[in-house]
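Those sequence lines, one after another, are chains A and B. Under this note's numbering, the residues of the first sequence are numbered 1 to 190, in order. Under this note's numbering, the residues of the second sequence are numbered 191 to 382, in order.
For the record, the hints were derived by calculation from the structure and aren't laboratory data. Wrong hints could be hidden among the right ones.
Here are the computed lysine to aspartate or glutamate pairs in the DMTMM-like style, where the Cα-Cα straight-line distance is at most 20 angstroms [stated by the list, open to error]:
| no. | chain 1 | residue 1 | chain 2 | residue 2 |
| --- | --- | --- | --- | --- |
| 1 | B | K342 | A | E136 |
| 2 | B | K268 | A | E136 |
| 3 | A | K48 | B | E202 |
| 4 | A | K48 | B | E219 |
| 5 | A | K48 | B | E213 |
| 6 | A | K48 | B | E205 |
| 7 | B | K342 | A | D52 |
| 8 | A | K48 | B | E217 |
| 9 | B | K342 | A | E142 |
| 10 | B | K268 | A | D152 |
| 11 | A | K48 | A | D153 |
| 12 | B | K342 | A | E132 |
| 13 | A | K48 | B | E238 |
| 14 | A | K48 | B | E224 |
| 15 | A | K48 | B | E231 |
| 16 | B | K342 | B | E326 |
| 17 | B | K268 | A | D127 |
| 18 | A | K48 | B | E221 |
| 19 | A | K48 | B | E326 |
Derived, one-sided and incomplete: chain A residues facing chain B with beta-carbon distance under 7 angstroms [what the hints assert, rightly or not]:
| no. | residue |
| --- | --- |
| 20 | P40 |
| 21 | L87 |
| 22 | G88 |
| 23 | D109 |
| 24 | E132 |
| 25 | T137 |
| 26 | F150 |
| 27 | H175 |
| 28 | R176 |
Beta carbons: idealized from backbone N, C-alpha and C, even for Gly.
Here's the letter readout for the chains.
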Amino acid sequence: MATEAVDNAYDDATLARRIIAAGPARDAAAEARLYASLAPRVRLYGRKHLRDAQRADDLVQDVLLMTFDRLSRGEIREPERIASFVLGACRQTVIDLKRGEARRARLLDTYGADLVAEGDDDAGPPDTQRLEHCLETLSHRERTVVLMTFYDDSPAEAVAQALGLAPGNVRVIRHRAVERLRRCIGGAEP
Amino acid sequence: MKARVTCAAPLETSELLGYWLGELPAEREAEVEEHLFACRECSAALGELVALGDAFRALLAGGGAAGVVPPEFVARLKAAGLRVREYRMEPQGSIDCTIAPHDDLVLAHLEAPLEGVERLDVVIHEIEARRTQRLEDVGFSAASREVVVVPKARDLRGIDKASQRVELIAVSPAGERLLGTYTFHHSRYRRG
Chain A
1 MATEAVDNAY DDATLARRII AAGPARDAAA EARLYASLAP RVRLYGRKHL
51 RDAQRADDLV QDVLLMTFDR LSRGEIREPE RIASFVLGAC RQTVIDLKRG
101 EARRARLLDT YGADLVAEGD DDAGPPDTQR LEHCLETLSH RERTVVLMTF
151 YDDSPAEAVA QALGLAPGNV RVIRHRAVER LRRCIGGAEP
Chain B
191 MKARVTCAAP LETSELLGYW LGELPAEREA EVEEHLFACR ECSAALGELV
241 ALGDAFRALL AGGGAAGVVP PEFVARLKAA GLRVREYRME PQGSIDCTIA
291 PHDDLVLAHL EAPLEGVERL DVVIHEIEAR RTQRLEDVGF SAASREVVVV
341 PKARDLRGID KASQRVELIA VSPAGERLLG TYTFHHSRYR RG
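Next comes chain A alone, as it looks inside the complex (with noise of 0.2 angstroms):
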């Protein structure tokens, strides 16, 4: 599956390629380039996994800074898999989390403010006048579905049995609602 987005695979290679190059010496536009590709992956991944916006930014430092001071001493043999590095990296982070809060103010000094003052690609939330008027338009079902789904990431077994209904039937519901609402916000319905 990692090879059918081998363009996007590529530019984050080179960033990391130039970010090899540049060694000690820095390459600061890569760094913020490839930053903000990879950031707001790492954040859903530490969303997912850590249920916490305040910590997955915090993973997002920590394997981001590491990555980098790995890039720039050499270490990562192979830049065109950067991606992949990165998530073993999370991996690896989540479960170490409540470790190396020391080498972090460490990377966080030598990279961070350049970082930080980038930003990076993630998308803001939808606007919530919009969301307000498009979920009026779900059937009442429809919203309970979905209201119960995002509010805290219930899966479908969960609201099925609140709303004595099958998972699968949940799930088509849920699947409809969020198509529905995505066309709404993106402005396909009114």
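Knowing the structure of chain A, use the given hints to seat chain B on it.
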């Protein structure tokens, strides 16, 4: 820096949701995770879904969402830190109610004999305004003895004095059956 290529095998929305909600088998979850890290487009699609959840939470906390929810959901709202003012009523009940400045939400537990009910409609009569709204086929559990109606807190804050009559109606091919009537007399919050 925006994605500039199209993923050759984009993950379906249902699979992205399944991944996010922890519904996928472990092996498939790992495959999806690999794909997400390699694919900016699918990752962005997942990001949109996650942002939707953020917006739902903001909407509820801001009093801009209304609906009918099962009682289990109320516990989750409170566990998330929302300050919830609750009213509980039996059929044919009547109650004085309000919303305080520090309340995030106001909700009404309407007790009713729901066993055997397949479809439930909620009819809301705004008495002074002479308006009626029918919420058809709301989400509920027949095993539960109540439904919870959540009005928009933001709208309640703007009301000085008003009354509402709410009816729960069981709908079946044989016809409709009134399960209960509940009357709310809302007035603006007065300290003390």
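Status of each hint after checking the structure:
1. Using a Cα cut-off of 20 angstroms, the hinted pair B/K342 and A/E136 holds, with the two alpha carbons roughly 12 angstroms apart.
2. As the CA atoms of B/K268 and A/E136 are separated by approximately 24 angstroms, the hinted pair breaks the 20 angstroms bound.
3. Distance check on the hinted pair: A/K48 and B/E202 sit about 18 angstroms apart at the alpha-carbon level, within 20 angstroms; holds.
4. Restraint check for A/K48 and B/E219: the C-alpha separation of about 12 angstroms stays at or below 20 angstroms, so the hint holds.
5. For the given pair, A/K48 sits about 12 angstroms from B/E213 by alpha-carbon distance, which is consistent with the 20 angstroms threshold.
6. Between the alpha carbons of A/K48 and B/E205 the distance comes to roughly 14 angstroms, so the proposed pair stays at or under 20 angstroms and holds.
7. Only pairs whose Cα atoms come within 20 angstroms are accepted, and B/K342 paired with A/D52 is rejected, the gap being roughly 27 angstroms.
8. About 16 angstroms separates the Cα atoms of A/K48 and B/E217, which keeps this hinted pair within 20 angstroms; it holds.
9. For the hint linking B/K342 to A/E142, the alpha-carbon distance of about 17 angstroms falls within 20 angstroms, and the restraint holds.
10. Between the alpha carbons of B/K268 and A/D152 the distance comes to roughly 12 angstroms, so the proposed pair stays at or under 20 angstroms and holds.
11. Using a Cα cut-off of 20 angstroms, the hinted pair A/K48 and A/D153 holds, with the two alpha carbons roughly 9 angstroms apart.
12. A C-alpha spacing of about 10 angstroms is found between B/K342 and A/E132, which places the hinted pair at or below 20 angstroms, so the restraint holds.
13. Among the hinted pairs, A/K48 with B/E238 is consistent with the structure: their alpha-carbon atoms are about 14 angstroms apart, no more than 20 angstroms.
14. Between A/K48 and B/E224 the alpha-carbon distance is near 14 angstroms, which keeps this suggested pair within the 20 angstroms criterion.
15. Taking the CA atoms of A/K48 and B/E231, the gap is near 18 angstroms; set against the 20 angstroms cutoff, the hint holds.
16. A distance of roughly 18 angstroms separates the Cα atoms of B/K342 and B/E326; the hinted pair therefore holds under the 20 angstroms criterion.
17. The straight-line distance between the Cα atoms of B/K268 and A/D127 is roughly 24 angstroms, outside the 20 angstroms bound, and the hint therefore fails.
18. About 15 angstroms separates the Cα atoms of A/K48 and B/E221, which keeps this hinted pair within 20 angstroms; it holds.
19. A hinted pair counts as satisfied when its Cα atoms are at most 20 angstroms apart, and A/K48 with B/E326 does not qualify at roughly 34 angstroms.
20. For the restraint placing A/P40 at the interface with chain B, the shortest Cβ-Cβ distance is roughly 6 angstroms, inside the 7 angstroms limit, so the hint holds.
21. The closest approach between the C-beta of A/L87 and any C-beta of chain B is roughly 4 angstroms, which is under the 7 angstroms cut-off, so the hint is satisfied.
22. About 9 angstroms separates the beta-carbon of A/G88 from the nearest beta-carbon of chain B, more than 7 angstroms, and the hint is not met.
23. The beta carbon of A/D109 is not positioned within 7 angstroms of any beta carbon in chain B (closest approach about 26 angstroms), and the interface hint is therefore violated.
24. Using the Cβ-Cβ criterion of 7 angstroms, the hint placing A/E132 at the interface with chain B is satisfied: the shortest such distance is roughly 5 angstroms.
25. With a cut of 7 angstroms, the hint placing A/T137 at the interface with chain B is violated, because the nearest CB-to-CB distance is about 13 angstroms.
26. A distance limit of 7 angstroms between C-beta atoms decides the matter here; for A/F150 the minimum to chain B is near 4 angstroms, and the interface restraint holds.
27. Interface restraint check: A/H175 against chain B, minimum CB-CB distance 5 angstroms, threshold 7 angstroms, status holds.
28. Checking A/R176 against chain B: minimum C-beta separation of about 10 angstroms lies over 7 angstroms; hint violated.
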